[in-house]
Structures are given as C-alpha cells and as structure tokens.
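Listed here are the chains, written in short residue letters.
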Amino acid sequence: MGRMRFLCDVDRCIDCGGCVVACKEGHQIPVGVNRRRVITINEGKPGEKSISVACMHCSDAPCIAVCPVDALYQREDGIVLVNKDVCIGCGYCFFACPFGAPQFPKGNSFGARGVMDKCTFCAGGPAENFSDKEKRLYGQNRIAEGKAPLCASMCATKALLAGDADKIANIYRERGFKRGSGANAWGWDKAYNKK
Amino acid sequence: MRRILFVTLIMFLLLMAAVYSAENDTVQPIFSSSKYNSIENYKIITEHFTGEWQKYGEPFTILQKEYVRKIYFWILIAIPGIFVLHYLVIGPKKFPHEGNKYLVFTVFNRAVHWLTAISFLTLTVSGLIMIFGKYFGGGGLVRTFRYIHFPSAVIFVPLGLVMLLMWLREMIIAPGDITWFFKFGGYLSKKTENIMPVGKFNPGQKSWFWLGTLGGFVMAYTGYYMYSFAASTDNLRIYAIIHNFLGMAMLIMFLVHLYMSLFAIKGSLKSMLTGYKYEDEIRIMHCRFYSKLSGKDCSK
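Residue numbers (the working numbering), protein chains in the order written: chain A, 1 to 195; chain B, 196 to 495.
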C-alpha cells in the first residue's frame, strides 16, 4: 500500500489561503480551529515564499507516542487519525507535535479544552464511513470516495500535492528539473531564450 | 607603448571598481534567486513551524513515551512494597493512649489539614487516572477526571498557602535535621528508644511539608499553563516535564505520609482527627517539643 503524504511546492504557493478556506468550509470546522494554515517568510521582500502546513502524517509520529489514552492511531496508508470518543483533551499531542497541528476548541466549563481536532487527510475518523457521526466529528471522508483531500484538490497553482509519497515526490522532482533550480531557475536566458 | 600602458591601467581601475561595487551591492537582483534557492527556503520555513523542536519537543516526547508511565507504575508498586516489608519486619509503633494528653492541633489546624488533604487526594487520584488513562479506556471517564483535576487545584492552592503560613515557624530546618535522614530518625529500628529527638515535626514531616506546599505551587503554576495554553510551545513542553517529574516526588512523599499516619504509627490518624496526642507518644516521637510543652526532660 502506498504511503500518503502532503508536499507543498514553495516555488508555486502564492499565499492565496484557498486551502485553508476549502478545509474550513468543507469540513464545517468551528471558529478558532484551523486544521491548515499558510506560513509566509520574507513577506514583501525579495525571496518571499509561502508554504501551506497541516498535519504532516509523520511516520513514527510523536503525537501517537505521547498520547496517554491511545486516542491517536496511524492507518496502514500512513494517515494519522484521532478517535474523538477516546481523546481526553490533555494537550500532550500539541506539546509533542513539531508543526502545531493538533487543535483544541474551547467551550467547555471552566474554559476547559474540548477533544483534539486536526487534519484527517480528508479520511474521516474511526467512525463508520459516510455515517452521520463521522461527518459531524471528523468532516468529509474524501479518501473513501476515491478523491484527493480538499486543500490539494482546489489549490489554484497546484502547489499543494497530496497522495502516494513516491508519486508526488516524482511530480515535484520533474517540476524542479524542468524549471531548473537555484540561479538557473530564472533570468534573462529563460525570458529571451538566449543560449 | 605608453598608450597601451594607459589603457591597461584604466581597465585595471575599472575592474577594481567593478569588483568593489559588486561586493558592496546590497540590493538583491529581482530575478536572481541564488540566495533563496528551494533548499534554503525549506530551511528557513522549517524554522518557522518546527522551531527548535529537538531542544524541548524531542526530550518531552521521549520522556513521555518511555519513562513517565513506567516510573509512576514502579513508584506505585515499589513504595508500598517497601512499606509492607517494613510493617512485617519492624512493625508499627504503638503507644499507650491513656494518661496526660496535650492539644497539639487546633480546630483550625485540623480543618486546613483535612481540606488540603482531600483536595490533594483528588489531584493525585485524577492525575494518576490520566497517566494510566489507556487502561481505563480513555473517553468520558478519564475526561471527567481531567475536569476534576483543575477545580481541585483551585481549592488546593489557597489552602496550601494557609498551611504554609500556619506551620511555617515549626517547619524551619533545625539543627540535627540533616543527620536525622542518615538513620531515618530511628524508624528502621524496632526499639522506640532509638527514635531521634525532634521538635513538633520531624525532618520527614518537614520535607513533606515543603515539597507539598512549595512543590504544590510549582505544580499549580505549570499545570495552569498546561491547562490554558497561555505560554509558548517550548515553555509548555518544559512545564509538562516539570509537572510530571515533580509529581513523582510528591507521590512518593504522599505515600510515605499515608503509610506513617495510617499504619506505621498507631493512633496518629486519631490525633489528627481529635487534635490530642498522649504524653508517651510526644515524649518519644517529638522529644524537644515535649520538653517545651511540659517543662520536663524528655529523655526520661
């Protein structure tokens, strides 16, 4: 079985925020929770770059390692999911995650956090596929429908790639090869086809 | 010849000027991305979202994964095991509960002690249930104990402060307290005569007091941030490590306190309920305190 991965092509991402909006809208995520976000460096300066970040679905994920109740688990295809019936909202996965992926909606008594919410790679959760419960707790299950995740599907510049790790790595490699890299990527020779 | 030399000199100067200006050129050419190639970009970006994960995130993950639950498990097995051994080999200390009695703990003392005790017990139990959450199946049950953990701490902190002020004077380290620890105050001996002279509280009680109050405030401080997320992620990681490892020390001392009061010294639970201690018990266990109370020499 292939291993699912996200890969964001920083030379293509234009910080439009489309992936963020698609994810929030498509999964009906409450205010204050962002499963995906866009980070921009050198904003307004030469060398400005953006990258779209969500759960990286790590192999040997630190969040799974620290969870005291084993609410997090990894599917065979590498997608890391959370069981919201088991999660106690302690926040340890947030402390362990390098990417700040786990999100905790507020709203319980004494301002206590609710259970953890994070990117599901649009693969739902442990509840039965296409059930009401799955939709309510985890959002759409597009993987079970045979579709790519919402964020990658709607990316206007096709900067955000999602799918089998080997396949998207090949796409990225080919892109890099065709457009060149480093000092060869841009310049007068590309514009005027000078040899 | 002179012409050629002149032209060469001019060209050399121009070259030097070009090199100089090139080296001092701070304006980035728009289309050159030599300074910002993809790998460099990923490096800069990675710093933005992972920070220095290896510094605190990785230690937190390893400690949490490999050690925390195991150490708590062994504390819960080993410490009571040692107590069972102590109880069987050395046995409890018994004192006649008759004759003169002295009021050692006022109503205020006892009220503060027991309210703090109840909130501390709630904190300990709910904390342990969270640590061993997976054996309770997680979900609603463990989540409820997590919700109980916070209000218990809210009750504990002011009471702990009152307790700190209430017993501060008696709990200050006295001469001989360090040497007390080398023999555990004589509690490892069957003979009650071997118990070393102490004031109102022995060094064991004192260390539990300081750990319970000052350590309790550290636990409350770190716990508050873990609860509210109102600190940077790196700080939250440090707080979680402190919270979990300080908790171990407090659990050990709490178990010792439970054993001494419930099993090792008969009648000590009753004295904390009624406030009275009998003469013999004070004379042997709190020699210096007895001298102060009665004006008699305690060694007799």
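It is worth saying that the hints were derived from the structure and are not from the lab.
Heads up, a few of these hints could be off.
[To be verified] Not the full set, but computed from the structure, chain A residues with beta-carbon under 8 Å of chain B:
hint : residue
1    : V38
2    : I41
3    : G44
4    : D60
5    : P62
6    : A65
7    : V69
8    : V86
9    : I88
10   : C90
11   : F99
12   : A127
[Stated by the list, open to error] Within a straight-line C-alpha distance of at most 27 Å, the following computed BS3-like cross-link-like pairs (lysine-lysine) qualify:
hint : chain 1 : residue 1 : chain 2 : residue 2
13   : A       : K167      : B       : K238
14   : A       : K45       : B       : K329
15   : B       : K260      : A       : K133
16   : A       : K45       : B       : K265
17   : A       : K106      : B       : K265
18   : B       : K329      : A       : K135
19   : A       : K178      : B       : K238
20   : A       : K84       : B       : K238
21   : A       : K158      : B       : K238
[Claimed, not checked] DEER-style ranges, computed between Cβ atoms:
hint : chain 1 : residue 1 : chain 2 : residue 2 : range
22   : B       : F440      : A       : K133      : 34 to 42 Å
23   : B       : I272      : A       : C16       : 29 to 37 Å
24   : B       : A273      : A       : D70       : 41 to 49 Å
25   : A       : R175      : B       : F327      : 48 to 56 Å
26   : B       : K238      : A       : C16       : 37 to 45 Å
27   : B       : K329      : A       : K106      : 50 to 58 Å
28   : B       : Y262      : A       : D15       : 57 to 65 Å
29   : A       : A156      : B       : F440      : 19 to 27 Å
30   : B       : T203      : A       : C16       : 40 to 48 Å
31   : B       : F327      : A       : Y73       : 13 to 21 Å
Note that beta-carbon positions come from the ideal geometry of N, C-alpha and C, so glycine has one too.
Cross-check of the supplied hints:
1. V38: violated, 11 Å
2. I41: Interface hint status for I41/A: holds (5 Å vs cutoff 8 Å).
3. G44: Because about 13 Å separates G44/A from the closest Cβ in chain B, which is outside the 8 Å limit, the hint is violated.
4. D60: Violated - the Cβ of D60/A stays beyond 8 Å from chain B, reaching only about 10 Å at its closest.
5. P62: With a minimum Cβ separation of about 4 Å from chain B (threshold 8 Å), the hint on P62/A holds.
6. A65: Because about 4 Å separates A65/A from the closest Cβ in chain B, which is inside the 8 Å limit, the hint holds.
7. V69: holds, 3 Å
8. V86: Holds. Min distance 4 Å.
9. I88: With Cβ-Cβ at 4 Å, under 8 Å, it holds.
10. C90: Because about 6 Å separates C90/A from the closest Cβ in chain B, which is inside the 8 Å limit, the hint holds.
11. F99: holds, 5 Å
12. A127: violated, 14 Å
13. K167/A - K238/B: Given that 27 Å is the threshold and the Cα spacing comes to 23 Å, the pair holds.
14. K45/A - K329/B: Roughly 49 Å separates the two Cα atoms, so the pair is violated.
15. K260/B - K133/A: Judged against 27 Å, a Cα distance of about 31 Å means the pair is violated.
16. K45/A - K265/B: Distance of about 51 Å is beyond 27 Å: violated.
17. K106/A - K265/B: violated, 31 Å
18. K329/B - K135/A: holds, 26 Å
19. K178/A - K238/B: Judged against 27 Å, a Cα distance of about 22 Å means the pair holds.
20. K84/A - K238/B: Violated, at roughly 34 Å.
21. K158/A - K238/B: holds, 22 Å
22. F440/B - K133/A: 34 to 42 Å: holds, 39 Å
23. I272/B - C16/A: 29 to 37 Å: Hint violated: Cβ distance 57 Å, outside 29 to 37 Å.
24. A273/B - D70/A: 41 to 49 Å: With a Cβ separation near 25 Å, A273/B and D70/A fall outside 41 to 49 Å, so the hint is violated.
25. R175/A - F327/B: 48 to 56 Å: Taking Cβ atoms as reference, R175/A and F327/B lie about 49 Å apart, which means the hint holds.
26. K238/B - C16/A: 37 to 45 Å: violated, 24 Å
27. K329/B - K106/A: 50 to 58 Å: violated, 25 Å
28. Y262/B - D15/A: 57 to 65 Å: Distance hint for Y262/B, D15/A is violated at roughly 42 Å.
29. A156/A - F440/B: 19 to 27 Å: violated, 49 Å
30. T203/B - C16/A: 40 to 48 Å: About 56 Å separates the Cβ atoms of T203/B and C16/A, which means 40 to 48 Å is violated.
31. F327/B - Y73/A: 13 to 21 Å: holds, 19 Å
Consistency note: the structure conflicts with the earlier hints numbered 1, 3, 4, 12, 14, 15, 16, 17, 20, 23, 24, 26, 27, 28, 29, 30.
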